[in-house]
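Colleague: Read off the chains here:
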Amino acid sequence: MKIEEVSEDTMTITFDYAVSEENCKRLITFLESLRPLKFEGITDYSVSYTKLMIYYDPMIIESSDIEEAIRKINADEYQTPLKKKRIIEIPVCYDDEFGLDLNRYYEEGLTIEQIQTLHTEREYYVYMIGFLPGFPYLNGVNDKLKMPRKETPRTRIPKGSVGIAGSQTGFYPTSSPGGWNIIGRTPLNIGIEDNTLNVPYRAGDYIKFKPINSATFDEIEKQVNQGTFNINIEERGV
Amino acid sequence: MTIIVNDGGLYSTIQDLGRYGYFEQGIPTSGALDFKSHILVNTILRNDPNCATLEMTYIGGKFTMKSSNYISVVGADMGFSINGIDMPIGKVIKCTTGDEISFGKAKEGMRAYLGIAGGFQTPSFLNSRSTHEKIGVGKPLKSGDEIYSECTHKPKENIHLKHIEEDKIIRIIKGEQFDYFNQDEIEKLLIQSFKISTESDRMGFRLEDISIKSEKGYDILSEPTILGSIQVPANGKPIVLMNERQTVGGYPKIGTVIKADIPKLVQLQPGEPFTFLLIELEEAQHHYKTLMHQLKNDELIENVKLAKHIDTDRINRHLEKNR
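Going down the list, the protein sequences come from chains A and B.
In terms of this note's numbering, the first sequence opens at residue 157 and continues consecutively.
In terms of this note's numbering, the second sequence opens at residue 688 and continues consecutively.
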């Protein structure tokens, strides 16, 4: 375990520099063991592929105190997740109307059915959340779906758009400029809407996309707006 | 008790010390860019340091008081006046119903903080009143808006800000990818003087007149961002990440502006030259703690009784006569 002071009020913890689900799981499991200690003075945590960043108020807690506490936690014990595996189901409509860049896949000989099947067959690990509130960084799409970012990013990608960049996939919780290849759209309201924050997953959870047709999209959208839609979350034992 | 906005100015937003605890869900802290002026205006008004103030950018707004309350302004000199009478910065001023508060273009500095006794009572989102337009939390003020406030106490009227001369040197520490840049590129950053581009906002400050090359490319594995990070994208034009930055970023970072110098950086007008100075992390920690200690112990304000040349009573009497 490597602990580094980055600035006056941040420090990072690294176990390994490899990008892998195992490495990220270890960081998240470690964070879940740190979080309940409720350090006064730690203001935020943030997990990314290989680093756990701790933001603190140096007027309340010294970096050396945090480091000492961290060293006491036996990192090897945190190789296996403490929590149950959570899979969050995100409904997606892959119609051409929403899949603004499906053409790039059609040109490679893929049909819409194939794209849909390949994108929805996997459970994607949430490595981190960021860029936009609630934007999940998911990795490991099927090789056939891998697609470089668009050369000229769009100035506005509609809210809910599901995209692919290289081997990463994810969706835009709010409208935003962006260079990802858009293959569909979810009717869910994720992120900030009407002064409430709704992010039903955390780093360490899994996301599974569920194909829906446009009629179901409209129906779910209606339920979401009425506040009656419940996101399907499955929990499986460790 | 309300303040009516007649003119929002260039970009005026309600800010406090920021939103904490939600960074890992992709929500940056936001909050007053010049946290020092924000805290000082609250201290002068005997408010809690986290009370919401109004951050005005370069061109201030115009407001009408709908009730009596105490106000104060700290930060940039935007020609602060009440009912057409010039008002000093860093002092407590008693306002009554109908008073016209007015600001213009900043003569010096970039951001002014208008504080009010009790703080502005705008809606709170995730324990903070800080506006963050880009993620849909609040909006900049516009004509016709009304901001509620409540006079909760009577501040001491006889205090004012100590005048402290500031240089244009922004101190930095090594960034997380400092080793991506060779000695020549680092020297470019440390020898030249720079300007902040007009294309800068609460998300990031772009630097003009410089292009920096990375030896190891411009793509890093996306990682959490920190305030003041100087990131270098592929076009070589550095961007200093500010309070509304994205929570993760994938560009190499050559340096980080020290926290104690963030208030100085955000008061630079676009086009105003400044230089960077590289220091050690331990020094940066020391400077930050010193500044926060001074703010906490009221070391940056003093009693007017000791400095007779600016007399709040006289200002208030003058205002009274002209109402």
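Quick caveat, the hints were computed from the structure, so don't treat them as lab data.
Hints are not guaranteed to be accurate.
What the hints assert, rightly or not - Simulated coverage check for chain B against chain A, where a stretch passes if three residues somewhere in it have a Cβ under 8 Å from a Cβ of chain A:
#	region
1	702 to 709
2	756 to 769
3	775 to 786
4	802 to 815
5	831 to 845
6	898 to 911
7	969 to 979
Don't be surprised by glycine CBs; every beta carbon is placed ideally from N, CA and C.
Colleague: Using C-beta distances, would you say chain A covers the region 831 to 845 of chain B, given that this needs three or more residues below 8 Å?
Modeller: violated (count 0)
Colleague: Taking 8 Å as the C-beta cutoff, is the stated coverage of the region 702 to 709 of chain B by chain A satisfied by three or more residues?
Modeller: holds (count 3)
Colleague: Three residues minimum, CB to CB under 8 Å: does the region 802 to 815 of chain B make the cut for coverage by chain A? Let me know.
Modeller: holds (count 3)
Colleague: At a Cβ distance under 8 Å, does chain A reach at least three residues of the region 898 to 911 of chain B?
Modeller: holds (count 4)
Colleague: At least three residues with a C-beta closer than 8 Å to a C-beta of chain A: is that true for the region 969 to 979 of chain B?
Modeller: That given contact holds, which follows from 5 residues of the region 969 to 979 of chain B lying within Cβ reach (below 8 Å) of chain A.
Colleague: Between the region 775 to 786 of chain B and chain A, see if three or more residues pass the 8 Å beta-carbon test, and mark the coverage as holds or violated.
Modeller: Answer violated; 0 residues pass the 8 Å Cβ test.
Colleague: Using a Cβ cutoff of 8 Å, are there at least 3 residues of the region 756 to 769 of chain B near chain A, or does the coverage claim fail?
Modeller: violated (count 0)
Violation of the numbered hints given earlier is confined to hints 2, 3, 5; the remaining hints are satisfied by the structure.
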